[in-house]
Amino acid sequence: MNTIFSAARRALPAWLPLALLLVAAPSLAKDEFHLYNWNNYIAPETIKRFEDSCKCEVVQTYYSSNEELLAKIAAGAKGYDMYVPTSNAVDALIKGKKLMPLDQSKLTNLKNIDPRFLNAYFDPGNKYSVPYAMSTTIIGYNDVKMKELGLPTDTWAVIFEPKYLEKVKGRVTVLDDEGELFGAALKYLGYSVNDTDEKHWKEAQALINRAKPYWAAFNASSYIKELTVGNIWLVHGYSNDIFQANLDAQAAKRPFHLVQGMPKEGAVLAVDNMVIPKDAPRPDLALKFMNFMLEGKNSAELTNLIGSGNPNLDAVKYIKPEILKNPAIFPDKEVAARLEQLRDLTAAQRRLRSRMWTEIKAGR
Amino acid sequence: MTVAARRARSFGRWLVAGPPIVYLVVFFAIPSLIMVLASFRTPGEFGGLAPLYEGGTLDLNLDSYARFFSETIYARIFLKSVGYALATTLFCLALAYPLAVLIARSSKRYRDLLLLAVILPFWSNFLIRIYAWMIILGPNAALARSVNGVLAWFGHDPVPLLFSAFAVLVCLVYVSLPFMVLPLYANLEKHDPALLEAAQDLGASAWQRFWRITFPLSLPGVYAGAALVFIPALGIFAIPDILGGPADSLIGNVIKQQFLETRDWPFGSVLSIVLTVAALAIAGLAAWVARRNLGIPSSAKEARA
Amino acid sequence: MPSRRRFGLWLAAAAGYAFLYVPLAIVVVYSFNDSRLNAEWVGFTLNWYRTLFGDDAMISAAGNSLAIALTASAVSTVLGTAAGVAMHRYPSRLLSFLVLAPIAIPEILMGVSLLIFFVLLNFTLGLVSVALAHIAFCIGFVAIVVRARLAGMDESLTEAARDCGATPWNAFRYVTLPLIMPGVIAGALMAFTLSIDDFVITFFTAGAGTVTLPLQIYSMIKIAVTPEVNAVSSLLMLLTLALIIVASKVSPTILRSQEDPAR
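Protein chains in written order, with our numbering: chain D, 1 to 364; chain W, 1001 to 1305; chain X, 2001 to 2263.
Extracted from the complex, chain D is given alone in its bound form (with noise of 0.2 Å):
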């Protein structure tokens, strides 16, 4: 008996990786369809849906930012079928030509979108993306904590004036974004946030270093659980994890509601679209859910389960009332003049403001 033991412990090594290979085999049973996207970006009934219609698996990975997309992107990384990233970084891939054009006599579906969301200024035609989902940025706030202070919630003020700062010291987060916060301070200080002129970013800087004194942290993932609890009052956060703390803070019998704000300077709009790689293995399958997607029941049910925006007219009839009456999800057209979407920048100006981010991040 100890010999058996003894050889198989020495054998040990040997087998182990030739276990993992057999359950590296790729399964030749049934089509698959690779999907990188956004962790909790789609409803498992929607996949299950697509999955009996097409007779195929849908094989979900995950990344959490566009950056980290296109930085495995950039390395080489193929095996995908689909990705969702937000327009900027649509900008880039098409510009780094890494999608295939569009098929769009399989997209039937296609006239469902919003034409104000079609035609983009990265896509013209929609040749490479289809839009998918979008949120806004946007102050998310305790509503209670706020009334007590007497702080106003409709203005990017309130997140770089110090003179409202003072009351939320050590109670404000802001994103972990060099983007989004210079969007936000831009349009604070009227600009649009696409601007690139040195000048009006070094002011953006100036803003961003007078009121970091009082923030928190700069944080893009953590902020929505300490909001939730109550420690921090205040965020510089995304519309669809606001309404996704909101959710969880009336589930835990909280004795406040997390409201969405959104400023009046404007703010910055995300849309994320479906586009498919150029080596994509099953183009095919990626079309047949793009088109799939685009219809109104499968896309409203994002809506319903995270509260992101809709860019599909079709989907309205199945969304929840509650939502689309919310105008940060829904914003009203007078609203909507005011959003912008983020741009992507060339490398000179990525350089220029990487390191004005590195200063305000590791200053004194």
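Bear in mind the hints are in silico, worked out from the structure with no lab data behind them.
In this text, all values refer to a predicted model and were calculated from it rather than measured experimentally.
We put the beta carbon where it would ideally sit given N, CA and C, even for glycine.
Here are some, though not all, of the chain W residues that point toward chain D, as calculated from beta-carbon distances under 10 Å:
id	residue
1	G1044
2	L1049
3	K1080
4	Y1131
5	M1134
6	I1242
7	N1253
8	T1262
9	D1264
Starting from the known structure of chain D, fit chains W and X onto it as the hints suggest.
Only chains W and X this time, still in chain D's reference frame:
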């Protein structure tokens, strides 16, 4: 040594050293050379790298290096990171030493259990352990309340424990602790208790026994643990990202930023190369000091001499 | 040993264990928390464990992580022990550099460079590419611990064995290996820990259908890292502990260094 013996020894040398060298050359050195080459190239306009041959000529330059040496902010952040890594190493050592001594001196029955007990928490996911620390250090939790209560008694403003340098340091020590305990244990385990008993019989106090016998004998373990804590701590970015305050970014964060947000791979490579060279230099320096001042033999050859 | 000194040692060690286990206790306790967030205790529930058992994606991710970690730690322990012994017996700058540099190099650089390398070789990304990457950075940890264990140890014992007619392999197996076993075990434990929790390098070297537990969990970071993660972590810890206890019962000499009759 006879010719045959020397040949046998040489063969033995390559049999032992060969496999790891080959593996590391293939899966580490060659990929890294790709990035070292990248540090001399131009960043691609939309990400990645610009083509190596631009219009028929080799496009290599020292621009990224020049940037590093001309803009002092990067050197300053780098020094800050060295400070954090050093502090982490010292606190880890202080915390890990008693643990390692206890485990090494326990009877065989408990030793394995105690050792596993040190490493068990680290088989849970990093992120939720950090979230657990966010709960412990949160402004409404017991720790923050008591600390700020004491401070209030002295008339001081409340101090945030979370989103601060303190939180970063505590978590750095936390994630590095097993990497100090395990090497120390591996070394302490072979110490002969007879030496200590003899010293005690000769009248040495507890402190003397520790400082003049145990500690010097454990130095190789101390250096190994210090290397395995200090060097990785230099490049860490996740902890300042999640728990740090607005000004707690370290060089690891800057490097990550170059590869992701800025998409400036050459500059990211330059920063990484500087970091690696500096880490190895510090490690080499420490080892040299050890050999010189403390007479610790670092290899079998020296032990024989 | 005088009991007063022993008490001081116990106290310091207990403080160390408390430092290690208070956060872990929170992790395990919060796996029963009736709230989506890992932030405050709301109430007791077993729902998250139920969710976990129905969550195929999470379970397969955990299985992948375990498989990769077992393989990577096994191979890197063998290669790392060889490297550690070589660094002690035949010190060379090349080996020292090759062993230390993967520890020093920022993970994101190593991840990107390995991805480029695998793509250049047209190597299909998947579990195997991740395991190969993990082995590369784990070797150093094992090597350094094994070398520290060997430090100060001269070769007379091994040479005596050789003189008595033992082959080099037998001299290693019956003389050197038992002497360095605590170092080898310590290295293996570290390699396993590093592999099972790695994110950055895994992110870049994973294939289009490969999900490991850290990849799954980090992708949840922007929405909510629910107590289901606490549940899967707690179970994975228990499973690994069980595996090790079984392994040590099956091969009792593996975890214990040679009995020293003088002790």
